[in-house]
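Undergrad: Starting from the known structure of chain A, arrange chains B and C on it as the hints suggest.
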Amino acid sequence: MLDFTFTEEQEMIRESVRDFAQRKIAPIAMEMEKTKQIPEDVIQGMAELGLIAPTVSTKYGGQGFDAVTAGIIAEELSRADPTGSIPVFYLVQASWGHVFNKYGTEEAKQEILPNVTKGKWFLGIATTESDAGSDVLGTRTTIRKEGDHYIVNGEKMYISGVREAYTRGGGHITIAKQFPDRGAKGMTMFYLPLQQKGIIPTYVDDLGREGISTGGFTIDNVSIPKHYLVGEEGKGFYIVHEGYEYARGLIAVICAAAGLKSLERGEKYLKERKAFGLPLAKFEALQFRLAEHYTKLSFLRLGSYWALWTYDREGQKKATRFEVSKAIAMAKMFASEWSTQAIDEVMQWQGAFGYTRECTDQAAWRAIRSFAWAEGSKEIMRVIVARELLGKEYTAYK
Amino acid sequence: MKILVLVKQVPDTSEVKFNENGVMIREGLQSILNMFDQFAVEEALRIREKYGGEVSVMTLAPEQAKSALQKCLALGADKAYHISDRAFGGSDTLATSYALSLAIKKVGDFDLIMAGNQATDGDTGHIGPQVAQFLGIPHVSYVEKIENVEGDKVLVKSLLEDGYRMIEVKLPALLACIPPPNFEYSNPSMMGIVKAKNKPYVWLKADDIDGDKSRFGLNGSPTRVMKMYPPPKRSRGEVFTGNYNEAVKKIIDVLKEKKVIS
Amino acid sequence: MIEDYKGILVIGEIYEGKIRPVTFQLITKARELADTLNTSLSTVLIGYNINDMAKEPIYYGADKVYVLDNKMFDPYIAEVYSAVLAKFIDQLKPEIVLIPATHTGREYGPRIAAALQTGMTADCTDLAIKNGRFIQIRPAYGGNIMGEIFTPNHRPQIATVRPNVFKARDPDTSRKGEIINSAPDLSGINIRTYIKDVVKTTVAGAKKIDEAKVIVSGGRGVGSKEGFELLKQLADLLGGAVGASRVAVDLGWMPKSAQVGQSGITVAPDLYIACGISGTIQHIVGMKDSKIIVAINKDPNAPIFNIADFGIVGDLNEVIPIFIDELKKVLNK
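Residue numbers (this note's numbering), protein chains in the order written: chain A, 40 to 437; chain B, 416 to 677; chain C, 693 to 1025.
If we strip away everything but chain A, and leave its shape as in the complex, we get (with noise of 0.2 Å):
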């Protein structure tokens, strides 16, 4: 029953984008941090690839992957670039492109995906306000039906990629209310693209993931076509819920990797370090420190990819929607967290270099510290996995 090998298929994808990965991101990684955009170049060789939102099916460019697929090339990119730009780039395409491939009208997918796929697009996704994180029931922007189309109004704010899908193309698939009486069956999704009038964007100066902006948009009165839907009217609270699932899987996975590559760049300057005639990696409360972040981090490794297994296993019907809900929300429970103490120990080696912004590792810090709220806070996490094991009518705040 325990087989902890990827298929020989898996490999090959793993070697081939590693090797991509280090040759074309890993150099100009911490350039990202100053000219806040990922080069172009990177973007079209992930495309050509077929790195952009492989989750799609063939049929509109992608690669048609699993989640298990879909988070070795996470994985990959995380080790490869420390600002976690294209990790964030990759992630939310990945897991948006999923649920677009899954509940997008043909039209739709048709007309907007290729372009995803192709690198031209951005696709993201646009849930949070200023007043509405993980509680997405608190969402203000409203969308009516308005004859043949959707008249949508609101604010969306730290949302991820939006001078990306504002000034290359694309747009967010966006959640709001449409029926405001009907608590979680109110929540309607679909697809906004950015491009249009109506829409302003704003930008927010985050910490971290400088290569990938950080912002938001009010949306004035923007018409929406019937086939923009993602899904059926009122069905966007579970629809984002799956989304959100796929990200977060993925997110376990980059934050492992992350913090694994930092442990591997901290090993290296342990052994060349001297201190009191000494190379560091000599002193013992050092070396505990190193094995103990590196097996919590391996540990989170092999708990997200039985995450993202799992989820494939709800496709194949061999596992439930709460099974993978909970197995989701244990790897991210402590991704971020795990993941940033094992970077902050190794920043903490280096002394005074660690603090500068010629640091690898800090960058991978800032960009990691970011995952203990997107895409579902850690709180959140520990309410699923508590609500799974106790059952639903002892879930919390209601």
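Each hint should be verified, as a subset may be incorrect.
Think about it this way: if two alpha-carbon atoms lie no more than 27 Å apart in a straight line, the pair counts; the simulated DSS-like pairs of lysine-lysine are [stated by the list, open to error]:
#  : chain 1 : residue 1 : chain 2 : residue 2
1  : C       : Lys822    : C       : Lys763
2  : C       : Lys924    : B       : Lys674
3  : A       : Lys310    : C       : Lys990
4  : A       : Lys63     : B       : Lys521
5  : B       : Lys674    : C       : Lys747
6  : B       : Lys673    : C       : Lys917
7  : A       : Lys224    : A       : Lys141
8  : A       : Lys159    : A       : Lys63
9  : C       : Lys1021   : C       : Lys983
10 : A       : Lys224    : A       : Lys73
11 : C       : Lys1020   : B       : Lys665
12 : C       : Lys1021   : B       : Lys664
13 : C       : Lys763    : B       : Lys674
14 : C       : Lys900    : B       : Lys671
15 : B       : Lys610    : A       : Lys159
16 : A       : Lys310    : A       : Lys184
17 : B       : Lys673    : C       : Lys1021
18 : A       : Lys313    : B       : Lys648
19 : A       : Lys141    : A       : Lys159
20 : B       : Lys671    : B       : Lys648
21 : A       : Lys73     : C       : Lys990
22 : C       : Lys822    : B       : Lys572
23 : B       : Lys665    : A       : Lys157
24 : B       : Lys432    : A       : Lys313
25 : A       : Lys98     : A       : Lys417
26 : B       : Lys481    : B       : Lys614
27 : A       : Lys365    : A       : Lys313
28 : B       : Lys664    : C       : Lys1020
29 : B       : Lys568    : C       : Lys763
30 : B       : Lys664    : C       : Lys905
31 : C       : Lys785    : C       : Lys822
32 : A       : Lys157    : B       : Lys432
33 : A       : Lys417    : A       : Lys335
34 : C       : Lys747    : B       : Lys673
Derived from the structure by calculation, the hints contain no laboratory data.
TA: Coordinates of chains B and C only, in the frame set by chain A:
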């Protein structure tokens, strides 16, 4: 046009580690497709794209070299031939070339055979010329580019130490290829990897190729490796930090003393 | 019978109307081997209108020089050279054949071994006779391992040797030897290779690194194509040539003909100044036999310092100008 590319899996020697005695640690070295061969494969695929036809790849190696052939298929090659048999164990370049030439005769008429000019492990550069000799066809080494194919002739750019020659060679011929300085090799695409699974993969044993078996493997190899050892080391000399003037003066003094400058 | 094979044969290469220096380097080494084995040393020259060069190999130690002179041999074509030389060797029956590991030698050489069905060792860095055996020493795995190779039961034993691995002796014009004009066997030669054009990419006036006594070489640390100007000033002052690491060639800062290393040219000058070169094993293999190595690099951990006689940790743009100034003082320029 039917093209065959001869390839080899090699250990990745770009990140070699040594033990405390200065001996290279061979365990844990990753196996990769020889870069010269990858260039040959990519060049063959370009020719196919331009002139049509089919690209096959072939290796003579133990089973684990399958991943190298799979990579070629993932890059776009159409068919793979894997010659693998204990009978070939211990082959030197002559025995390898002989067996390859037999297999080539066996599996079909190729218009063009390509190979890397050398492999990064053995670095002999023997296989291409020797396979051509056994097949009785012309060959060109150090081919950096295939300029064009016209009828039964191919025009290639072949490097010299201080320049290059444009050589036209009649097909069938063998081209031993060397990547240009700015060669950016491709990674197999996700689509290519998925498709590779379903491409023809032909295994060949010693019995499948007709030839003189006494010329296979170690017994068929004229050369013997007597011993291997780490290369002699130059020792670390004096390294100066800081005061450049003083360092330069000191070095120039030694150069004068040794009559390197006068 | 392998006892029927006697003597050493060096295949001489003619390039641009002259015998290539590597030929003399091989003859010098072969003389040493022949004396140890107490056997004779021959050289074969192949080309067109080459009779007036035939004496030269004798000055370096050859006992006999065979001249294969034919219009068909100019320009050089692999399938012609390999066929003619294989037949010649098959008749002469030398026990050892040395071939220059030039681009051309590495092209026609292996075909000869295949035609004669004998063993061949490529790119030897040393040759020796141990207990009567001809031992061929060569690097493998990118220079990370040395191997000693021999050919027990096949003759001739063929080895190629890179230029500058051995030093040529000073020519002795009083040395006597025999010159034999040999009629090449051209039967069955079917030419299917046509040379359309020969283009030289070396910069006019630039000194060739394989012949220079001093090489100032630059790597990534030089920073740009223009950065090599400074290296050239230093090289000019020392009467040397400018070399480059693979990276500098890949980046287009220097031509391929200036590339030192495994995939470039092997050099062994009296003085090698490595500027901004970290010192990959592939680079080191190509220059480690230089008499004196000076390395200038910003990174104190650069591996180049492990093999350099003198290292300066610092910015080459600061160090080289000092070097130039100090040299000018010493050289009174």
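Undergrad: Can you confirm whether the C-alpha distance between B/Lys673 and C/Lys917 stays at or below 27 Å?
TA: violated (32 Å)
Undergrad: Going straight from one Cα to the other, do B/Lys664 and C/Lys905 come out at no more than 27 Å?
TA: holds (21 Å)
Undergrad: Run the distance test for C/Lys1021 versus C/Lys983: straight-line Cα separation, threshold 27 Å.
TA: holds (24 Å)
Undergrad: Holds or violated: are the alpha carbons of C/Lys1020 and B/Lys665 at most 27 Å from each other?
TA: holds (15 Å)
Undergrad: Holds or violated: are the alpha carbons of C/Lys763 and B/Lys674 at most 27 Å from each other?
TA: violated (46 Å)
Undergrad: Does the structure keep B/Lys568 and C/Lys763 at a Cα separation of 27 Å or less?
TA: The given pair, whose Cα atoms are some 24 Å apart, holds under the 27 Å limit.
Undergrad: Are the Cα atoms of C/Lys1021 and B/Lys664 separated by 27 Å or less?
TA: It holds: about 11 Å lies between the C-alpha atoms, which stays within 27 Å.
Undergrad: Given the hinted pair B/Lys610 and A/Lys159, is their Cα-Cα distance within 27 Å?
TA: Since the Cα atoms of B/Lys610 and A/Lys159 sit roughly 25 Å apart, the hinted pair holds (cutoff 27 Å).
Undergrad: So if I understand the rule, the pair passes when the alpha-carbon distance is 27 Å or less; does B/Lys674 with C/Lys747 pass?
TA: violated (32 Å)
Undergrad: Measure nothing beyond the straight line between the CA atoms of A/Lys73 and C/Lys990; if it is 27 Å or shorter, mark the hint as holding.
TA: Judged against 27 Å, a Cα distance of about 24 Å means the pair holds.
Undergrad: Keeping to a limit of 27 Å between CA atoms, is the pair of C/Lys924 and B/Lys674 held or broken?
TA: Satisfied, since the Cα-Cα distance of roughly 21 Å is no more than 27 Å.
Undergrad: Need the status of pair A/Lys159, A/Lys63: alpha-carbon distance at most 27 Å?
TA: Holds, because 19 Å separates the two Cα atoms, which is no more than 27 Å.
Comparing the model with each earlier hint shows violations of hints 1, 4, 5, 6, 10, 13, 16, 22, 23, 25, 27, 32 and 34; every other hint is respected.
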